[in-house]
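Asker: Below, each chain spelled out in residue letters.
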Amino acid sequence: MSTSTETSTTQTATSTAPAPMTPLQEFWHYFSSNRGAVAGLVVIVIICFMAIFANFVAPHSPSDQYRDALLLPPAWLEGGNWSFVLGTDDVGRDILSRLIYGSRLSIAVGIVAVTASLVMGILLGLIAGYFKGMIDTAIMRIVDIMLAMPSLLLAIAIVAILGPSIVNAALAISIVSLPHYVRLTRAATMAEMSRDYVTSSKVIGAGPLRLMFVCILPNCLAPLIVQATLGFSSAILDMAALGFLGLGAQPPTPEWGSMLADALQFVQRAWWVVTFPGLMILITVLAFNLMGDGLRDALDPKLKQ
Amino acid sequence: MFQFIFRRLSLVIPTFLGITLLTFTLIRLIPGDPIEVMAGERGVSAERHAELSAQLGFDQPLYVQYYRYVSGVLQGDLGNSLITREPVMKEFLTLFPATIELATCAAIFAILIGLPAGIFAAVKRGTIVDHSVMTFSLTGYSMPIFWWALLLMLVFSVNLGWTPVSGRIDVVYWIDDVTGFMLIDSLLSDEEGAFTSAVSHLILPSIVLGTIPMAVIARMTRSSMLEVLSEDYIRTARAKGIAPWRVIVIHALRNALIPVITVIGLQVGILLSGAILTETVFAWPGIGKWLIESIGRRDYPVVQGGILIVACIIIVVNLLVDITYGIVNPRIRHSR
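Taken in sequence, the protein lines are chains F and X. Take the first sequence: its position 232, counted from the start at 1, is 231 in numbering that gives the first Met the number 0, and no numbers get skipped. Take the second sequence: its position 195, counted from the start at 1, is 194 in numbering that gives the first Met the number 0, and no numbers get skipped.
Because the hints were derived from the structure by calculation, they are not lab data. None of the values given here were measured: they were computed from a predicted structure. Incorrect hints may have been included.
Some chain F residues near chain X, calculated using beta-carbon distances under 10 angstroms [unchecked claim]:
1) 49
2) 50
3) 51
4) 143
5) 145
6) 159
7) 239
8) 243
9) 244
10) 273
11) 286
12) 287
Covered stretches of chain F (in silico footprint by chain X; criterion: 3 or more residues with CB under 8 angstroms from a CB of chain X, positions within the stretch not fixed) [unchecked claim]:
13) 147-155
14) 258-267
Residues from chain X that face chain F, not an exhaustive set, calculated with beta carbons under 8 angstroms [as the list claims (entries may be wrong)]:
15) 17
16) 19
17) 92
18) 131
19) 141
20) 153
21) 157
22) 271
23) 276
24) 279
25) 302
26) 309
27) 314
We put the beta carbon where it would ideally sit given N, CA and C, even for glycine.
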């Protein structure tokens with residue numbers, strides 16, 4: 000008797016409750032309530048747009064030298080010219096155009112570096128977490144050694160060996176950021192390994208590969224997505240630092256860091272040559288950090304009410 | 000306790016060996032023959048090549064070379080610079096005080112600003128103060144410090160003329176090298192105004208180098224304080240009628256500081272790698288600038304030795320932080 004009334008009340012309760020949100024809707028609900036994260040997302044979309052359509056957006060070619068317009072100040076200042084909105088550099092190249100083409104490079108390096116370290120990191124982390132024992136110890140020792148070095152120093156060491164170029168810099172950055180992904184994946188894999196669904200799959204007869212990639216990996220993705228977003232910001236920052244030190248992109252390439260290095264000698268005469276490339280780096284890095292923080296809040300179940 | 004320290008120490012040894020292996024491989028990974036790379040454009044004759052090869056031990060099997068390298072490193076022998084012919088260790092020791100001086104001042108700046116800002120943000124949670132502290136710290140955290148250095152230099156040195164542009168002290172002063180620390184040496188010297196000059200040279204580099212650690216410390220202090228402030232004992236203390244500032248400073252801060260201290264210890268790596276960029280911009284004669292210049296000059300023994308020393312310093316500092324943490328927090332000490 001009492002059981003029947005209980006079922007009827009639960010039934011009415013479920014029928015009046017609003018439809019449950021799909022995981023994606025739930026995610027968007029939490030993400031969009033964080034204003035900083037949305038701002039970051041908007042900035043990232045704009046920068047990606049600039050990067051993809053650089054040929055159409057940029058008013059000039061990044062390498063065209065206007066010999067009659069050397070070190071022209073930004074348009075709103077005295078002596079400025081509206082065809083060079085942010086002014087020109089010491090050989091008469093349009094700074095705005097170089098910044099727009101530079102975003103292409105930064106985003107590309109970010110994508111390459113993050114993808115490479117993500118793939119390698121997931122692979123090593125899954126292996127370490129799944130097999131444990133000697134393999135795990137060996138992988139984690141190497142990771143500890145890499146973590147003992149500051150990432151920029153290690154990247155500099157790698158570029159010093161391979162020679163300065165943008166490809167080597169991207170390679171160095173992806174090696175340097177590897178340890179974080181390995182650790183995250185390993186920790187998440189170990190936590191998932193003890194769950195019942197993994198045991199059940201094992202009992203049914205799933206092989207190690209299926210267990211690792213089909214069962215466990217999808218459940219480890221949340222922290223990895225957050226780390227990948229934050230990895231973008233450190234990849235862009237490290238890339239710019241390497242470029243600034245002359246170890247990344249080489250001078251004619253419109254890369255933000257090497258643009259700054261070129262401009263060093265004009266600090267006193269032309270502030271705009273120095274200010275804008277750095278501002279672009281700061282805005283881009285800040286946007287990725289904001290979005291990463293927002294993603295963490297939205298994906299971490301512990302922080303939800 | 001000793002068991003805990005011993006366990007941590009035993010973890011350091013494989014890490015150290017791994018780093019020596021890394022720096023050892025580094026010089027052998029350079030494309031081409033190491034002796035020809037060292038000889039540069041001049042090139043070497045076949046006899047000289049064999050002679051050098053024997054002298055540097057390149058004719059031995061790799062494991063013998065590695066054994067020799069590690070035993071050399073353990074005795075403080077990191078080889079000689081190809082350019083100056085000086086031992087790498089000696090060059091490092093003359094330049095290191097400059098970096099320590101800069102890093103210490105940067106750390107003091109970061110703690111003096113970051114800690115109060117974090118506490119303030121936590122206490123005023125959700126207000127405009129909190130939001131602005133968090134915005135500033137996220138901006139600082141995202142800062143390309145080489146650009147930040149140029150920007151500050153542009154405003155304060157070039158436009159306002161308040162601080163000097165680069166170096167450790169004005170060229171008019173000739174300071175005897177007693178300790179290697181310019182602040183101390185200039186105080187010890189009788190020259191008038193030398194100390195003020197040394198201080199004014201330190202201000203901008205310290206701010207630049209301290210910016211990222213400051214942001215990290217502020218964020219960590221805030222979240223750690225927020226966690227502690229929501230604990231029951233804080234509510235009890237408030238209910239007992241203890242003055243609000245006393246609850247925050249005496250009751251909450253002491254517990255909140257434990258993770259913050261760890262984070263401060265971990266900033267050493269950030270400070271040392273940030274020093275590479277900061278020293279390059281401000282022409283600060285420390286190990287960061289030395290390393291970058293050596294890479295440019297292809298002075299491989301210096302690069303190899305410099306990276307090894309910096310990595311070892313970081314390992315030692317992390318070890319000390321770990322042990323301090325174990326002393327402060329028994330839960331860490333007794334966990335496996």
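Asker: Would you mind marking each hint as holding or not holding in the structure?
Answerer: Hint-by-hint comparison with the structure:
1. 49: With a closest approach of 19 angstroms, the residue 49 (chain F) hint is violated.
2. 50: Result: violated, 18 angstroms to nearest chain X Cβ.
3. 51: 23 angstroms, violated
4. 143: Holds: closest Cβ of chain X sits about 6 angstroms from residue 143 (chain F), inside 10 angstroms.
5. 145: 9 angstroms, holds
6. 159: This interface hint holds because 5 angstroms falls under the 10 angstroms limit.
7. 239: 5 angstroms, holds
8. 243: 5 angstroms, holds
9. 244: Since the shortest Cβ distance to chain X is 6 angstroms, the answer is holds.
10. 273: 5 angstroms, holds
11. 286: Residue 286 (chain F) check passes; min Cβ-Cβ to chain X is 9 angstroms, inside 10 angstroms.
12. 287: 8 angstroms, holds
13. 147-155: holds (count 7)
14. 258-267: holds (count 4)
15. 17: 4 angstroms, holds
16. 19: 10 angstroms, violated
17. 92: 19 angstroms, violated
18. 131: 13 angstroms, violated
19. 141: 4 angstroms, holds
20. 153: 6 angstroms, holds
21. 157: 5 angstroms, holds
22. 271: 6 angstroms, holds
23. 276: At 6 angstroms from the nearest chain F Cβ, residue 276 (chain X) passes the 8 angstroms test, so the hint holds.
24. 279: Given a least distance of 7 angstroms, the restraint on residue 279 (chain X) holds.
25. 302: 6 angstroms, holds
26. 309: 6 angstroms, holds
27. 314: Hint holds; residue 314 (chain X) Cβ to chain F Cβ min 5 angstroms, cut 8 angstroms.
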